[in-house]
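Knowing the structure of chain W, use the given hints to seat chain D on it.
2 protein chains.
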Amino acid sequence: MLVVHVQVHVKPEYLEAFKQATIANARESIKEPGIARFDLAQQQDDPTRFVLVEAYCTAEAPAAHKGTRHYLTWRDTVAHMMAEPRASVKFSNQFPQDADW
Amino acid sequence: MLVVHVQVHVKPEYLEAFKQATIANARESIKEPGIARFDLAQQQDDPTRFVLVEAYCTAEAPAAHKGTRHYLTWRDTVAHMMAEPRASVKFSNQFPQDADW
Numbered sequence: 299m300l301v302v303h304v305q306v307h308v309k310p311e312y313l314e315a316f317k318q319a320t321i322a323n324a325r326e327s328i329k330e331p332g333i334a335r336f337d338l339a340q341q342q343d344d345p346t347r348f349v350l351v352e353a354y355c356t357a358e359a360p361a362a363h364k365g366t367r368h369y370l371t372w373r374d375t376v377a378h379m380m381a382e383p384r385a386s387v388k389f390s391n392q393f394p395q396d397a398d399w
Numbered sequence: 299m300l301v302v303h304v305q306v307h308v309k310p311e312y313l314e315a316f317k318q319a320t321i322a323n324a325r326e327s328i329k330e331p332g333i334a335r336f337d338l339a340q341q342q343d344d345p346t347r348f349v350l351v352e353a354y355c356t357a358e359a360p361a362a363h364k365g366t367r368h369y370l371t372w373r374d375t376v377a378h379m380m381a382e383p384r385a386s387v388k389f390s391n392q393f394p395q396d397a398d399w
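Chains as they are written, first to last, in the numbering used here: chain W, 299 to 399; chain D, 299 to 399.
With the rest of the complex left out, here is chain W (with noise of 0.2 Å):
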């Protein structure tokens, strides 16, 4: 299971535009087969700052993914609306295993 935080810093005038595509993003997203989880969190002591917890199976699920029509309109929606390149790092899934996700 590789888990993929996604780091984004939206532009204040966005906070809510960024909320409504990245939701409409995961709704869809979850329901790639090779998705676990696709978590949207903004945080507390600066609401300009998300991040996004993605939660493959495979190791080709994020290339799938990323080839989607949700990704990419995703994508190309938000473009604009980021203060600063978005980061991700990835994590390997430690706990729960596996199959609990």
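Hints were generated in silico from the structure; no laboratory data involved. Some hints could be false.
Copies of one chain are not kept apart here, so a pair can be met inside one copy or by any two copies together.
[Unchecked claim] No more than 30 Å apart at the CA atoms, straight line, and that leaves these computed lysine-lysine pairs for DSS-like: (1) Lys317 <-> Lys388; (2) Lys329 <-> Lys388; (3) Lys329 <-> Lys364; (4) Lys364 <-> Lys309; (5) Lys329 <-> Lys309; (6) Lys309 <-> Lys388; (7) Lys388 <-> Lys364.
Positioned in the frame of chain W, the structure of chain D alone reads:
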């Protein structure tokens, strides 16, 4: 739903010991009524770095967690394993909706 990311930098000689102690803590933590998830992941490009993703259902749940025996045991067990003080960031859940965690 409060989501807390705890970033931990572990001394290289304690990687396995840290994992074992943290998984033992996580197994007990997810039994707490106020905790929805308690995930551990290890950074792929730097295995000395871990993230705990803790999802709390109520405002009281973090304090309740810090009063449990398993938390106190973990805290004391891993104290000397840290390469630097751990850092936590608090997030407000945006997706999925709280009931779906």
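inquiry  = If the cut is 30 Å between Cα atoms, do lysine 317 and lysine 388 qualify within a copy, between copies, both or neither?
reply    = Cα proximity of lysine 317 and lysine 388: in one copy and across copies (22 Å, 17 Å).
message = Regarding lysine 309 and lysine 388, is the shortest C-alpha distance of 30 Å or less found within a copy, between copies, in both, or in neither?
response = both (25 Å within a copy, 20 Å between copies)
query = Between copies, within a copy, both or neither: which fits lysine 364 and lysine 309 at Cα up to 30 Å?
reply = within (24 Å within a copy, 35 Å between copies)
query = Quick one: lysine 388 to lysine 364, C-alpha cut-off 30 Å, is that within a copy, between copies, both, or neither?
reply = So lysine 388 and lysine 364 pass the 30 Å test inside a copy (16 Å) and across (28 Å) alike.
ask   = How would you classify lysine 329 and lysine 309 at a CA-CA limit of 30 Å: within, between, both, or neither?
value = within (29 Å within a copy, 39 Å between copies)
ask   = Taking 30 Å as the upper bound on the Cα-Cα distance, should lysine 329 and lysine 364 be classified as within, between, both, or neither?
value = within (14 Å within a copy, 35 Å between copies)
query = At most 30 Å between C-alpha atoms: does lysine 329 with lysine 388 qualify within a copy, between copies, both, or neither?
reply = Answer is both; intra-copy 21 Å and inter-copy 27 Å each pass.
Hint compliance for this structure: every hint is met.
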